[in-house]
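Trainee: Sequence:
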Amino acid sequence: MKCPNCGKWNQATMPRCIYCGEELPDDAYGMSGVPAWQLELQDREKAKSYIHVDEYGQMETSEDPRDSLAAEMADLKSRKLMGEEKQRLLREEAARRGMAPSGLSVRTTSNRGTFFSAYDDNPDATLRPVAPELIEDGELDPNARRVYPAKYRTTHSSGSEDEVYGYGNTRRLVNVQKPDEDDPVYDGYHDTSAYLPAHSNPDEIENSMRMRMRGTIPTHKPRKPSGRRIFNAFLIIACIAMFSYIAVTAIIPAIFPKAEEVKAVATVTPTIRDDLAAHTITVPGEDGQRITIRELRTSAIVTGGFATFDVMDHIWYDDYENYVEETMTVTLTPLLITDAGKQQALDQINYDIDIPLSPIELVTPDGPYQVVSTAMYNIIINVREGSTVLINGDDYSDLVNTEGGKVNYNATVQPIGENNFEIVVRSQYCRENSMTVTLFREKQEIPLDLASDIASSSSDKSATMTVKATTIPGAVVKVLSPYTDLDITSTGSDGTFSFKAVFDKIGDNSIIITADYPGKQTTTVEHVVYYVPNIDIYSRKAWSISEQYTDLMDNLETRKSKSQIYVCIGEITSIETTKPQRAFMNVGTLESPLVIYVENSSKTTWIEGQKYRLYGDAYGMYSSKPWIVVRYTYD
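Following the working numbering, the residues of the sequence shown are numbered contiguously, the last one being 635.
Bear in mind the hints are in silico, worked out from the structure with no lab data behind them.
Beta carbons are placed, not taken as given, at the ideal position from N, Cα and C, and that holds for glycine.
Hints are supplied without guarantee of correctness; some may be wrong.
SDA-like cross-link-like pairs, simulated, lysine to any residue; straight-line CA separation at most 25 Å [said to hold, decoys possible]:
id : residue 1 : residue 2
1  : 478       : 500
2  : 406       : 429
3  : 468       : 429
Label-pair restraints from in silico Cβ distances [claimed, not checked]:
id : residue 1 : residue 2 : range
4  : 341       : 265       : 24 to 32 Å
5  : 518       : 480       : 14 to 22 Å
6  : 553       : 635       : 48 to 56 Å
7  : 554       : 457       : 29 to 37 Å
8  : 456       : 577       : 35 to 43 Å
9  : 635       : 361       : 21 to 29 Å
10 : 380       : 635       : 21 to 29 Å
11 : 245       : 49        : 50 to 58 Å
12 : 347       : 325       : 45 to 53 Å
Using the sequences and the hints given, assemble the complete structure.
Mentor: What follows is the structure, encoded as C-alpha cells:
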C-alpha cells in the first residue's frame with residue numbers, strides 16, 4: 001500500500017514503510033476504513049427543475065440544460081483553482097525534499113513526463129550556486145565539475161531503478177550513474193559544462209539539466225517548428241473556416257430566417273356570374289394605376305392594391321363548334337398603362353377552365369336499348385331551352401319546347417333488328433353532347449304492322465281500346481291477348497283488320513298478335529298499353545290505407561291479384577330511387593307511425609318531407625312494408 005508520508009508503495013503486510021519508517025494504515029482505505037475520495041464528497045446543490053402542467057392536469061418535470069451547463073462550468077472553475085493550489089503545494093513539497101526547484105533559477109529542457117516548465121524559471125538568472133551545507137565528506141573546489149551531496153549519492157545504490165521516482169510519478173533530477181571518487185566537487189561559480197565526463201552524456205535527465213552560460217547572459221536556442229505542428233495548425237485553421245462557412249450558410253439562416261419580401265402576384269378565383277361559370281382575376285398594383293388585359297380588351301383602375309376583372313368562362317370556347325375537350329387553358333397578358341401612355345407588360349396569367357357538357361335526359365324509352373313491335377315509336381328527351389338538336393344528322397331544333405326543353409320525336413322503326421338513332425345536343429355555353437338510342441324490332445317474313453296512331457296509354461272507362469293493323473293479304477291473323485269485336489273481313493283483299501283490346505288490370509297490359517302464311521315463318525307483334533281509369537272512377541274504389549293497413553298485410557296476395565286501390569295520406573320520409581321514383585311514406589302519426597313503400601307512376605315528382613294524397617293499387621311487399629304503385633298524386 002502507499003505510504004502517507006513519503007508516497008512510496010509497500011507490501012500490504014508491512015506494518016511500517018520500508019523507506020521512511022512511517023506507520024502504514026490498517027487497511028487500503030485508510031485509518032477510518034473509508035476511501036479518502038469519499039471523505040471529500042459533499043452534496044451539491046440540486047439542479048433546478050421545471051414542472052409543466054398541460055390542459056388535462058398531467059404534470060411533467062424537466063430540467064433546463066442551461067442550468068446543468070452553468071453548474072458544470074462553475075464546478076470546472078472550482079476544480080481548476082483547486083488544481084492550481086495543489087500544484088503549488090506539490091512544487092513546494094518537492095523543493096523541500098530536494099527533488100525539484102521552486103523559486104530558484106534553473107534552466108531545463110522540455111520533459112513531457114513532468115509538470116515542470118520547459119523554459120527557465122528566470123532567463124536572466126545565472127546558474128544556481130550549490131549551498132555548502134549540501135556537501136558532505138568533500139571539499140569545495142573552484143574547478144570542480146559537479147557536486148554530489150551525500151543524500152543524492154544514496155540513489156546510486158543497487159536498489160531498484162524505481163527508487164529514482166518521487167511523489168506523483170515525477171523522476172528525480174539526479175545523475176543515476178555513479179561518478180568516480182576522485183572527481184572534484186563543483187563550487188557552483190564556474191561554467192565547466194564543456195568538460196563534463198563522457199559517462200554522463202547518455203543520461204537523458206542529466207543532459208536535460210546541463211547548465212550553459214555564455215558570459216553572464218543566458219541564451220536560448222529557438223525550437224525549430226516541426227512539420228507535424230505546421231500540419232496540425234493548418235488543419236485547425238481549415239476546420240474553423242469550414243465550420244464558419246457552414247454556420248453562416250446553413251445554421252444561422254435556419255435559426256434566424258430572414259423575412260423575405262412577398263411579391264404580390266395575380267390571383268384567379270372561380271366564381272358564378274348570372275348562373276354561369278366564371279373566374280375573378282385580381283392584378284396587384286398601386287392605387288390609381290390603370291391595368292388592361294390584352295385578350296379581353298378591357299381595363300380597370302387599381303383600388304385597394306388590386307385591379308379586378310370578372311371573366312365568363314364561355315367566351316373562350318363559344319367560337320369552337322366541335323370542341324370536345326373537357327378543359328381549356330386560358331392565357332391572359334396584363335399591361336400596366338404608365339403616365340406617359342406606354343404599356344408595360346406584367347407577368348402572364350394562366351388558368352384552366354372546365355367546359356360543361358350540354359345536358360340531355362332520356363325520358364322515353366327508359367333506357368338506350370328498347371325492344372318495340374310497332375313501326376312508329378315516340379322518343380322523348382329533355383334538353384336545355386334554346387339548344388340545337390340533331391337526330392341522325394337532321395336538325396330537329398324546332399321540336400324543342402320553349403317552356404321546358406322537352407323534345408318528342410316519332411321514330412320510324414324498320415323490322416330489320418336494331419334501329420340506331422344518334423342524338424346530338426349543343427346547348428348555349430356548353431360543349432357538344434350526344435347519345436345513341438337503339439330500338440330493336442324483330443325481322444319479319446310476314447309483314448305485320450300496327451297503325452301508327454296506336455296509343456301507348458289509356459284511361460277509357462270501358463277498359464278497352466281499338467287496335468288496327470295490316471299484314472299481307474291472305475295471312476291468318478290471331479289475337480292472343482284479351483280482345484273483342486275482331487274484324488278480319490278485309491284481310492283477304494288488302495290485309496287490314498281491327499279489334500278491341502280488353503284491359504283486365506290496372507297498369508301495363510300487353511296486346512299480342514300473330515300472322516301466319518303458308519311457307520313463311522310466323523310473325524308475332526307485342527304492344528304494351530298502360531291502362532289507368534280516370535280519377536273519378538279510380539278514386540271511388542279506393543280504401544283508406546291507414547284503416548286497412550292490417551287487412552292489407554294479412555291478405556296481400558288477394559289484394560294484389562284484384563289490384564285493390566288505396567288512398568294514402570301522409571309525408572314522404574325518404575326517397576330511395578329517382579327513376580322510377582320510389583320512397584317511404586308515413587301514413588300514421590309520429591307517435592304511431594305506419595310506413596308504406598310507394599312507387600311513383602304519376603306525372604308529379606315527389607319532394608322529400610312534403611305531404612301528399614296518393615292514389616295507388618297494391619303491388620307487393622318491400623322491406624316488410626306494403627308496396628303501392630301510385631297512379632295519381634295530389635298535394
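Trainee: With reference to the structure, classify each hint as holding or not holding.
Mentor: Hint check:
no. : hint                   : result
1   : 478 to 500             : holds, 13 Å
2   : 406 to 429             : holds, 19 Å
3   : 468 to 429             : violated, 47 Å
4   : 341 to 265: 24 to 32 Å : holds, 26 Å
5   : 518 to 480: 14 to 22 Å : holds, 20 Å
6   : 553 to 635: 48 to 56 Å : violated, 28 Å
7   : 554 to 457: 29 to 37 Å : holds, 33 Å
8   : 456 to 577: 35 to 43 Å : violated, 23 Å
9   : 635 to 361: 21 to 29 Å : holds, 24 Å
10  : 380 to 635: 21 to 29 Å : holds, 25 Å
11  : 245 to 49: 50 to 58 Å  : violated, 39 Å
12  : 347 to 325: 45 to 53 Å : violated, 26 Å
The structure is inconsistent with the numbered hints 3, 6, 8, 11 and 12, although it conforms to all the rest.
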